[in-house]
Amino acid sequence: MAGTTGTRTTGAAGARETPPGGASGRPRRAAHTRSRARRGPRLHVAVFVAPFFVAFSLFFIAPICYALYESFFTLQSSGLGLTEPTIEFSGLANYATALSSPAFVGSLGRVLVFAAIEVPIMVVSALALALLLDSARARWRAFFRVSFFLPYGVPGVVASLLWGFLYVPQTSPLIDILSAVGLPHDFLGPGTILFSIANIATWQFAGYNMLVLIAGLQAIPQELYEAARVDGASELRIAWHVKIPMVRAPIILITVFTLIGTLQLFVEPLILKPLTTAINSDFTPNLAAYNQAFGQSNINLASAEATIIAIISFVVSFGFLRVVNRKGNRAW
Numbered sequence: 001m002a003g004t005t006g007t008r009t010t011g012a013a014g015a016r017e018t019p020p021g022g023a024s025g026r027p028r029r030a031a032h033t034r035s036r037a038r039r040g041p042r043l044h045v046a047v048f049v050a051p052f053f054v055a056f057s058l059f060f061i062a063p064i065c066y067a068l069y070e071s072f073f074t075l076q077s078s079g080l081g082l083t084e085p086t087i088e089f090s091g092l093a094n095y096a097t098a099l100s101s102p103a104f105v106g107s108l109g110r111v112l113v114f115a116a117i118e119v120p121i122m123v124v125s126a127l128a129l130a131l132l133l134d135s136a137r138a139r140w141r142a143f144f145r146v147s148f149f150l151p152y153g154v155p156g157v158v159a160s161l162l163w164g165f166l167y168v169p170q171t172s173p174l175i176d177i178l179s180a181v182g183l184p185h186d187f188l189g190p191g192t193i194l195f196s197i198a199n200i201a202t203w204q205f206a207g208y209n210m211l212v213l214i215a216g217l218q219a220i221p222q223e224l225y226e227a228a229r230v231d232g233a234s235e236l237r238i239a240w241h242v243k244i245p246m247v248r249a250p251i252i253l254i255t256v257f258t259l260i261g262t263l264q265l266f267v268e269p270l271i272l273k274p275l276t277t278a279i280n281s282d283f284t285p286n287l288a289a290y291n292q293a294f295g296q297s298n299i300n301l302a303s304a305e306a307t308i309i310a311i312i313s314f315v316v317s318f319g320f321l322r323v324v325n326r327k328g329n330r331a332w
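Under full-length UniProt numbering, the residues of the sequence shown are numbered 1 to 332, in order.
Rather than coming from a laboratory, the hints here were simulated on the basis of the structure. Computed from a predicted model, the values in this text were never measured in an experiment. Worth double-checking, as some hints may not be accurate.
Claimed, not checked - Listed next, with one range per pair, are the computed distances between beta-carbon atoms:
1. E226 / L150: 27 to 37 Å
2. F60 / G106: 28 to 38 Å
3. G232 / G156: 43 to 53 Å
4. P41 / Q76: 48 to 58 Å
5. L162 / L224: 50 to 60 Å
6. A233 / L92: 51 to 61 Å
7. L92 / I61: 14 to 24 Å
8. F320 / D231: 31 to 41 Å
9. I177 / F318: 38 to 48 Å
10. T86 / H44: 45 to 55 Å
Glycine residues also receive a C-beta, built at the ideal position from the N, C-alpha and C atoms.
All chains, please: the whole structure from these sequences, using the hints.
Written out as C-alpha cells, the structure is:
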C-alpha cells in the first residue's frame, strides 16, 4: 500500500514537472500562430488598398504639393528680358497679388452667387425626381431612371456645346419659339448667363444626384410606409414627413458635392466664352488661374490662385458640414 501510494505520488509529481520544450513551448507556438493569423488579413487588405494610395498620391497629393511649392516662387527677368529668367523665392507675394486683383476677387464673388443659384436648384430637382420615381404610383421606373441619368454620361464640353447652340439666336429653335410667343430669350446676357450655366450643370448632374437619393430611399424600411398609409397619410405627406427626413444624409452629401462643383466651375464658361461678351477670361477663379497659366505664362501666380480656390472650397464645405451637423444634433 505504501509502495503503491508512493509510486502514485511520485508519478503525479512527475506529471506536474515541466519538461523542457514541452508545455511552455505550446503557448509560444500558439501565440505565434495567432500573430500570423492576424497579420494575414492585414497583409491582404494592404495589397488591395496599396494601388489606390499610390494612384491617389501620384495624381492628387503630388500635384497639390507641387502647386503649393510653385506658388512661393516667381520668375524674374533682368535687363531687356533677353536673358534667361531666374526663379526667386517670393514668399506670399503671389497670394497678395491674387487677393489684391479686382478681377480675381470678383470671380470669387461670382461663383458664390452662382452657388446660391445652383445648389438649391440642383438639390430640389434631384430630390423631386427621386421622390417621383420612388412613389408607389410611378410607372416605367427603369426607363425614366436611365433617361434622367443619361445626361451624366455626356462630357461637360459636349453638354456646353449642345446648350450653347440652343442659346445662340442664329441656331436655336428654342429662341424662335420664344420669339413667336413674345417671351424674352437673351440667354447669354450679363443678367442671365449664370442661370444659363446653372441650367447646363443641372441638366448634366441632376440624374446622378437623383440616383444617390433613390439609393437612400430604397434603404428605408417598407414598414414605415405601410404604417403611414394605415394611418391615412397621403403619398405627399409620406414624402414630406417620412422620406425626406430619412434621406437627410444623402441630401447633405449631394449638397456638398454640388457646392464643391460650383466653386470649381470651369468647363461651361470656357466653352460659352466665344458666344457671349458676358464671359471674360476672369469670369471664374478656375478660368482666371487657367488664363494666368496658359495665357500669361505665369505658372507661379496661377498656382497661388489655385491654392486659394482649394482652401476656399475646403473651408466652405467643412463649414457647411459643421453647421448642418450641429443643427442635426439639436434636432435629435
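Next item on the list: Of all the hints given earlier, name the ones this structure violates by number, lowest first.
Entry: 5
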